[in-house]
Amino acid sequence: MDHPENSEEYKGLQVNAGVAQQSIVNPYLQRGRFRRREISVADMVEGIIKGNVTILSQAVTLVESVNPAHQVKAQEVIEKCLPYSGNSIRIGISGVPGAGKSTSIDAFGCHVLDEHGGKLAVLAIDPSSERSKGSILGDKTRMEKLSIRPEAFIRPSPTAGSLGGVARKTRETIILCEAAGYDKVFVETVGVGQSETACHSMVDFFLLIQLAGTGDELQGIKRGIMEISDGIVINKCDGNNVDKCQMAATNFRNALHFFPMPDSGWLPKVLCYSGFYGTGIKEIWDMIYQYIDFVKANGYFDVRRNEQSKYWMYETINEQLRNSFYHNQTIEQQLLKTEQTVLRGEKTSFMAAGELLEKYFSDIKGYRVRKEG
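The numbering used here applies: residue 2 is where the sequence shown begins, and numbers increase by one.
Hints listed in this document are in silico derivations from the structure and should not be mistaken for laboratory results. Among the clues, some could well be false.
[Claimed, not checked] Okay, derived cross-link-like pairs now, EDC-like style, lysine to aspartate or glutamate, Cα gap no bigger than 20 Å in a straight line:
{"#": "1", "residue 1": "Lys366", "residue 2": "Glu333"}
{"#": "2", "residue 1": "Lys74", "residue 2": "Glu47"}
{"#": "3", "residue 1": "Lys270", "residue 2": "Asp287"}
[Unchecked claim] Computed Cβ-Cβ distance ranges for the label pairs, DEER-style:
{"#": "4", "residue 1": "Ile318", "residue 2": "Lys283", "range": "21 to 31 Å"}
{"#": "5", "residue 1": "Glu80", "residue 2": "Glu347", "range": "13 to 23 Å"}
{"#": "6", "residue 1": "Pro98", "residue 2": "Asn68", "range": "25 to 35 Å"}
For glycine and all other residues, C-beta sits at the position ideal for the given N, C-alpha and C.
Build out the structure end to end from the sequences listed, making use of the hints.
The following block contains the structure:
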């Protein structure tokens, strides 16, 4: 396009056509150069043992993956890291939503690192949406002081539909963290519910965080959660809430006397503290270390860990059987049809389930015969 400035009446002025628009992509960019190199099992194990946080994070992601190829590699990594694990104190932390679990973990973690040294791993379980299947994974943002400390490793993980909120692979993640040199491990659950049973089966000390002034303190807590708790702490004991917290602590102490003595022989203690102001934290950690010394002295520490290993063996068997059933080709074809017969009232739920299981076992038996033949 000609510019009017180039006409005869503007002889002293000349406008150039300009330069064509350049691509925003660097022409010297080598795309393959930025492709992440896949780390071998040996290199991954070596990096974990040396305490490389980046490789540890990649290994945890591998463990959480549902890709069968990733699962095979993850199991190899876990197996090689197993001899370096088991040297930590595993603490499960639970409580009602809003009890201040993340704030308390921030205060607990900073205190134990300052007073006792070592390294701390925090495995925060974040609930996944039943509709979108997504998770915010924002627990780390509420642990402002702990998240900037190099000796702390905070890993939020989605529940991904696992029972009660404790991620299915949390136990394997604990092994990886222990192999990386983390001698203290926190496992935070999503709140009071079925997740506590699973969390209790992978930790050495189970801490229940409660609030005062929310009505009857014993009404919102089931007997089962109090029976598996090794310690109960009342948060937000500050300001005008001190008397309420002391009263709630008295009620919990009285209630614990009606429960049978735990197998550990340890009567759970009830303490008050303020996670926001950091008061009463030392007393809680003194209680935890007293418990660890107590159960190690009477041999219950090793008994509990052995029971946990056995529990997770059976849990893995149940999970594998369930996956095998639902991914069976014959079952996949018959499942929706059988479901419709139940909805129409033609068969009972138990009869339909029995028929599906019978087809499943028949299909497995036929497959075995074909394979042997």
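Results for each hint:
With a C-alpha separation of about 17 Å, the suggested pair Lys366 and Glu333 falls inside the 20 Å cut-off, and the hint holds. A threshold of 20 Å between alpha carbons decides the hint, and for Lys74 with Glu47 the separation of about 15 Å falls inside it, so the pair holds. A C-alpha spacing of about 11 Å is found between Lys270 and Asp287, which places the hinted pair at or below 20 Å, so the restraint holds. Checked against the hint of 21 to 31 Å, the C-beta distance between Ile318 and Lys283 comes to roughly 43 Å, which is inconsistent with it.
Separated by about 49 Å at the C-beta atoms, Glu80 and Glu347 break the suggested range of 13 to 23 Å. Between Pro98 and Asn68 the C-beta distance comes to about 32 Å, which sits within the given range of 25 to 35 Å.
Violation of the numbered hints given earlier is confined to hints 4 and 5; the remaining hints are satisfied by the structure.
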